[in-house]
Every structure is written in C-alpha cells, then in structure tokens.
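> For the protein sequence lines, the chains are A and B, in the order given. Each residue of the first sequence is one higher than the last, beginning at 1 in my numbering. Each residue of the second sequence is one higher than the last, beginning at 1001 in my numbering.
Hints may contain errors.
[Said to hold, decoys possible] Here are some, though not all, of the chain A residues that point toward chain B, as calculated from beta-carbon distances under 10 Å:
#1 Arg146
#2 Gly160
#3 Leu163
[To be verified] If you anchor each label on the Cβ, the simulated ranges turn out as follows:
#4 Asp85(A) / Gly1332(B): 34 to 40 Å
#5 Arg65(A) / Val1113(B): 21 to 27 Å
#6 Ser1002(B) / Ala126(A): 19 to 25 Å
#7 Glu1121(B) / Ser169(A): 57 to 63 Å
#8 Arg26(A) / Gln1342(B): 42 to 48 Å
Don't read these hints as lab results, they were simulated from the structure. Built from N, CA and C at the ideal position, the CB exists for glycine as well.
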Amino acid sequence: MGGVRILEWFAPAVPAGGVDWEAAYREEMPRVFNYFRYRGLDRAAAEDLTSATFEKAWRARDRYRRERAAVSTWLLAIARNVAIDHFRRARPEVPLAEDGARDEETPETAALRAGQSLRLTELLRALPERERELLALKYGADATNRAIATLTGLSESNVGTILHRTVVSLRSRWDEGGSQ
Amino acid sequence: MSDDFLSRLREEPRPEFKDRLEGRLQEIDARERGRRQAPSPYRRFVPALAGASLVAALALAFSLEPVRAAAREFLDLFRVKRFAAVPVDPARLERLAKGGLDFKSLVADQVQVVVAPQKPEVVGSPEAGAVVAGITARQPGVLPRQAELAETTVGRLGSFRVRIETAKLEALALAAGADEIEIPAWWNGATIDVEVPPVLAMRYARPAAPGDTRPPGDPSYVLMQSSIPQVDLPEGFDLATLGRLGLRVSGMSAEEALTFSRAIDWRTTLLVPVLVQGGTFREVDVAGEKGLLVTYEPPVPPAAAGPARRARQQSLLLWSTADEAFAITGPGGGMELLEMAQSIR
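One chain only, chain A, in its complex shape (with noise of 0.2 Å):
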C-alpha cells in the first residue's frame, strides 16, 4: 500500500464551501498526531509531522471535495502522504520513552506508562508494515474499517479482517509479556 499519493485523487480543485476548518482543526488534530505516535514515532516527530500534514491541508483547502470523502479520511490520507515521506527518509526512530511525564501523573504512573508504552511501541515496530499501518489508522487516529479501506485500497472486510488477526496475535504477545 506503498506510496499511493492519494492527495492527488481529490484533484481536480474545487472550493471547499461549508467545511468548518477550524472545528475539523480541533477534532482531527489530536486523531491525526495519535496516527503519528502509533507510527512509532516520539512525542516531538509526532508534532513536527502533525504540523507538516496540516499545513499542507490547508494549503490545499479549495481542492478538496466532500462528495469524494470525510474530511477527517482526507487529512488522514495526506497524514499517510507526510509519514511515507518521513520514513523514505529513513531518519532513525526513537523510543518513545524519552517523552517526558504528563502533568497529571505521578512519577509511578509515569514510569508505568512509559514502560507500557515502551513495550507496546517495540510490539508495534515488529510488524509488517501494513499491519502497522492499519493499527496506527484504528488505534492512533481512531478511524473506521471503512476509512481505512478508503485510504488503503483494501476492502472493508479485508481491514476488518487483517485488524482482528493482528490484535489477536499482539494481544497474545502483550500477555505473555505480563500487563506490568
């Protein structure tokens, strides 16, 4: 599912009129950074990307059409666009312990998030990378077999499918570990 530039399926231009972009900034931007993050990405590459894709959507804002797709499936497909690009450019990836604590969280919970995170980062990396993909649209950005089909070119049920044998596996991968 390589580099499928869907970006350009949108093409031709035309006015954008009755999107509330500032209400589909607030909602699709925690969805679009959390797509980043179960990329395997760290707290600061998952930002830096997160900018990069929203930037560009805006920049592209008249060119894209409603009747073709949600709005939160086309800033997820730019997102797709922006880490295919990322990863092309085989920067090393960091673990994702080095993110620092939340601010409601004890130094316990800390340190146990960040074990957890850890050992489900480490998980996720060992993946094939369409597995991956499909988790970080499921879990990170929280969208639908549907949308992930849309943006994959897989069928629904394919997704549906390729998502239940993953997470059967990982789950039973993450028991073995213990919960910590």
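Position chain B against the provided structure of chain A, taking the given hints into account.
Showing chain B alone in chain A's frame:
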C-alpha cells in the same frame, strides 16, 4: 478479546503545541488570502460594535497574524469609524486564553449572522464595481513603479446582530482582571445590528515579465473603498464601557483604559489593534483627513526563516471622508501608500 491495551499510546497533544500549530495555520490563512488578494483583506472588515457608524476594518489581519483568531474576532468588535491605534499584547491574550477564557465562544455565541458574507466577486472595472457597491470609484493618480490595475473585486460582508449576554461580558471582565468595570444589567439581551456595505477593492501589481523569477503580482497593493456601515445601538447604550473592557483585555491598565476611553469619541472612532511586538503606527494626513498608518512585519514561519526569507515589511493605511472609508495595504514602510492615497480622486 480485549484490545484495550492498544489504546495505551494514545495521548492528547500538548496545549502549547496545539496553540502553536493553530497560530501557524492562521499565518497560512493570512498569507493565502494576501496572495490571492481576493477575500482576505476585507474579511477582516468584520462588522463591529460602533457608534452611529463604523468602517469595516480590513487587512488588520496582517498586523494581528500571531494573535489567536478568537482574540482577533473579539477585538473586531471594537472598531469604529475614525482610526486610532490600540497596542495589543498578544502574550496577554494568550495568557487569558490559557487561563480558560474562550474568546471565541464569548463572542460567537452572541453574534448572529443575518445576511451571510459572500465571496468577493471579480468585476470588469472599478466603475463596474462601483455600480455594484453603490459608490463612486476613486482611483489613485500615482501608482508604485511598474504597478498597474490587476483586478477589481466587490466583497459583500453581510449583516450581523449582536445579542449581548452580560454574564459573558462579566466573565470576560473577571478574566481580564477588570473588576472596576461594571456591566449594566439592562444590557442583557440588548441587540446591536450591524450592516456592512459592499467593499470595492482594486489590486495593483507589477505584471509578470519574461525571465522574472518572482511570482506574478508580487508585490501587490490593494485599495479598498466602502460606504460607512450602519450600526443600530440600543438607546442609552454606553459604548465607552464596552470599549474600556476591550482595552483592558488588550493589555491596558485600568487607569490607561479609563484615560484612553475618555479621550475617544466612541461613536466615531475605529480602534485598530496593533501588536506590541513588531508593529508601529502613526497618525498621518491624507488630503486633509486624519489617517492611521500601521507598519509591521508579517511573521515568517520557522521553516522559512533565514537570510533568504527575511520578513518583508508591510503597511496598512486607513482614512475616511464624510461618508466613505478607505484602506490601502502594500509592502514597505508606507511612503508609497501615502503617495497613492494623496493622489486619489
């Protein structure tokens, strides 16, 4: 089978990142609109609370780019007819927003769009645009070097009704530490009707030449012209109180706001917010009328910063006559804008 464990990486983006990116998107907005020279400048001519009349305010967006959109919308409410600059501290607005003050909902919940704004319509000539706008087109006799008329548009900004909610204004006063300002209880539910007439805009630019590496139309000068908008206020409504609140939110002390408030004729003066950092302003004479020249440097995104992409100075010149308001935006420190303005017939 539970997949709960897969949600453990999920987290909310940091608020400071959210704000920073939002600011960057607003910069893109402003730049895109500036580049197209179509709706942008007079999108900022948002209708405002004013006295008997007010002028749409336009490209102030440029001077406010780093300020959150919500704050910008809020400040728009205080523009009135004549022009006076108000220094605005964006850091203060940020602090208020971070302290839980939602400018946008404070304002948006009270504003009802009666006639929606429309995208600017390109017309064949200034004369044709003037017919649509219901005014007489005035054009500069002097233009910047190599510039010529590139496009004429007419923008319709519609009409709006502001329904005042005293609880929200009180919350705003509280958040701004302006407890010396008392919001009259009778204001609650009072309405202010604002109707903004069409805005005629003429864009002047240097035509593209063979071998020219700069984008066509860069730089552009935009002359905007409009009748004075009509604003209906409830009888006895004290704009000065509302104005003082705005001044306090913008960063003035209680004493400064009071002094400024007393010095202003709120029914004829349009307040122009100018960022404390990076913006300067001065009063100028335009064919016998007092005008305001604002000069600023639009922020350059970090990725584009560097010796090759230094921020270019921009200026905005505002003035009005008895029944019309004018604005010119363009690059530089304002001398060319002044020459254009002085030559308008």
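> State for each hint whether it applies.
Each hint tested on the structure:
1. Arg146: Hint violated; Arg146(A) Cβ to chain B Cβ min 18 Å, cut 10 Å.
2. Gly160: violated (13 Å)
3. Leu163: holds (9 Å)
4. Asp85(A) / Gly1332(B): 34 to 40 Å: Given range 34 to 40 Å: holds, Cβ gap about 37 Å.
5. Arg65(A) / Val1113(B): 21 to 27 Å: This hint holds: roughly 25 Å between Cβ atoms.
6. Ser1002(B) / Ala126(A): 19 to 25 Å: With Cβ atoms ~20 Å apart, the hint holds.
7. Glu1121(B) / Ser169(A): 57 to 63 Å: Roughly 59 Å apart at Cβ, these two residues keep to the hinted range, so it holds.
8. Arg26(A) / Gln1342(B): 42 to 48 Å: This hint holds: roughly 46 Å between Cβ atoms.
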